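Build out the structure end to end from the sequences listed, making use of the hints.
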Amino acid sequence: MSTVAIDKTIDARGMACPGPLMNLIGAIRQGQVGQTFEVLSSDEGSKTDIPAWVAKAKHELVEVRADEGFSHFIVRKAR
Amino acid sequence: MEEQDKPLSLVLFSGTDDKLNAAAVLTVGAAAMGRPVNLFLQYYALDAFRTGNLCADHALSPEATDAQAPVVRAHPGLHWSELLKQAKDVGEVNIQACALSMDMFHLKHADLDPLVDGVEGVAAFMASASEGQVVFI
Numbered sequence: 012m013s014t015v016a017i018d019k020t021i022d023a024r025g026m027a028c029p030g031p032l033m034n035l036i037g038a039i040r041q042g043q044v045g046q047t048f049e050v051l052s053s054d055e056g057s058k059t060d061i062p063a064w065v066a067k068a069k070h071e072l073v074e075v076r077a078d079e080g081f082s083h084f085i086v087r088k089a090r
Numbered sequence: 233m234e235e236q237d238k239p240l241s242l243v244l245f246s247g248t249d250d251k252l253n254a255a256a257v258l259t260v261g262a263a264a265m266g267r268p269v270n271l272f273l274q275y276y277a278l279d280a281f282r283t284g285n286l287c288a289d290h291a292l293s294p295e296a297t298d299a300q301a302p303v304v305r306a307h308p309g310l311h312w313s314e315l316l317k318q319a320k321d322v323g324e325v326n327i328q329a330c331a332l333s334m335d336m337f338h339l340k341h342a343d344l345d346p347l348v349d350g351v352e353g354v355a356a357f358m359a360s361a362s363e364g365q366v367v368f369i
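Just so you know, the sequences run in chain order A and B.
For the first sequence, the residue numbers in the working numbering are 12 to 90.
For the second sequence, the residue numbers in the working numbering are 233 to 369.
Since the hints were derived computationally from the structure, they do not count as laboratory data.
Incorrect hints may appear among the rest.
[Claimed, not checked] Chain B regions said to be covered by chain A (calculated; three or more residues, Cβ under 8 Å):
{"hint": "1", "region": "258-271"}
{"hint": "2", "region": "300-309"}
[Said to hold, decoys possible] Heads up, simulated DSBU-like pairs for lysine-lysine below, C-alpha to C-alpha not over 30 Å straight-line:
{"hint": "3", "chain 1": "A", "residue 1": "Lys67", "chain 2": "B", "residue 2": "Lys317"}
{"hint": "4", "chain 1": "B", "residue 1": "Lys340", "chain 2": "B", "residue 2": "Lys320"}
{"hint": "5", "chain 1": "A", "residue 1": "Lys69", "chain 2": "B", "residue 2": "Lys238"}
Just so it is clear, the structure is predicted and the values come from calculations on it, not from any experiment.
All C-beta atoms in this analysis are idealised placements derived from N, C-alpha and C, irrespective of residue type, glycine included.
Structure follows, in structure tokens:
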């Protein structure tokens with residue numbers, strides 16, 4: 012279990028690439044700076060897409076954690 | 233200009249759902265990563281963008297085998313038109329119809345879905361592409 016406080020969880024399990032990333036982008040655009048978002052994704056593409064987008068968009072990838080058949084991506088809105 | 237900041241310009245020629253979907257995935261990915269994207273609709277791809285025609289069955293390309301076609305059709309990903317809407321929402325995406333193809337099929341801008349931003353000639357498209365890649369699909 013993560014010890015990071017989560018402001019919003021996006022359950023994108025079962026969605027095809029690039030759905031989980033697009034849902035994260037939508038949530039971050041509506042969120043406040045400093046808020047933390049968790050994406051649950053079973054899409055293999057998310058493992059590369061979400062870190063690449065977070066770096067490009069200059070947010071913070073707090074944690075990536077594998078679970079059973081999916082991964083947790085925790086991202087903090089930095090700007 | 234860094235490679236990752238240059239525009240990505242796609243020429244959409246094929247009007248089958250699989251190729252339109254592949255193009256839409258590239259578009260939404262590039263837009264999400266902050267690259268301007270130009271789409272130039274020619275020939276059979278242009279026909280798919282007629283008003284009321286986006287979600288019609290545009291079949292699959294000839295390289296889809298009998299075994300692959302049902303797998304492609306059953307995949308739960310978003311429709312290509314929805315991906316293009318997402319791309320426009322998150323980034324800078326300019327969709328232009330090729331003036332030559334418009335003339336060939338006797339189409340006017342008003343005959344096209346609002347996803348299409350305008351009609352332009354090939355020189356204007358190449359000007360938009362500037363130093364970025366041009367990909368033909």
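**Prompt:** Does Lys69 (chain A) pair with Lys238 (chain B) here, judged by a C-alpha cut-off of 30 Å?
**Reply:** holds, 18 Å
**Message:** Holds or violated: Lys67 (chain A) and Lys317 (chain B), Cα atoms, limit 30 Å.
**Reply:** Holds - the C-alpha atoms of Lys317 (chain B) and Lys67 (chain A) are around 21 Å apart, at most 30 Å.
**8 Å C-beta test of the region 258-271 of chain B against chain A, three or more residues** = Coverage by chain A holds here, the residue count being 5 at a Cβ distance below 8 Å.
**Asked** Holds or violated: are the alpha carbons of Lys340 (chain B) and Lys320 (chain B) at most 30 Å from each other?
**Response** holds, 22 Å
**Request:** Three residues minimum, CB to CB under 8 Å: does the region 300-309 of chain B make the cut for coverage by chain A? Let me know.
**Result:** holds (count 3)
Comparing the model with each numbered hint stated earlier shows that all of them hold.
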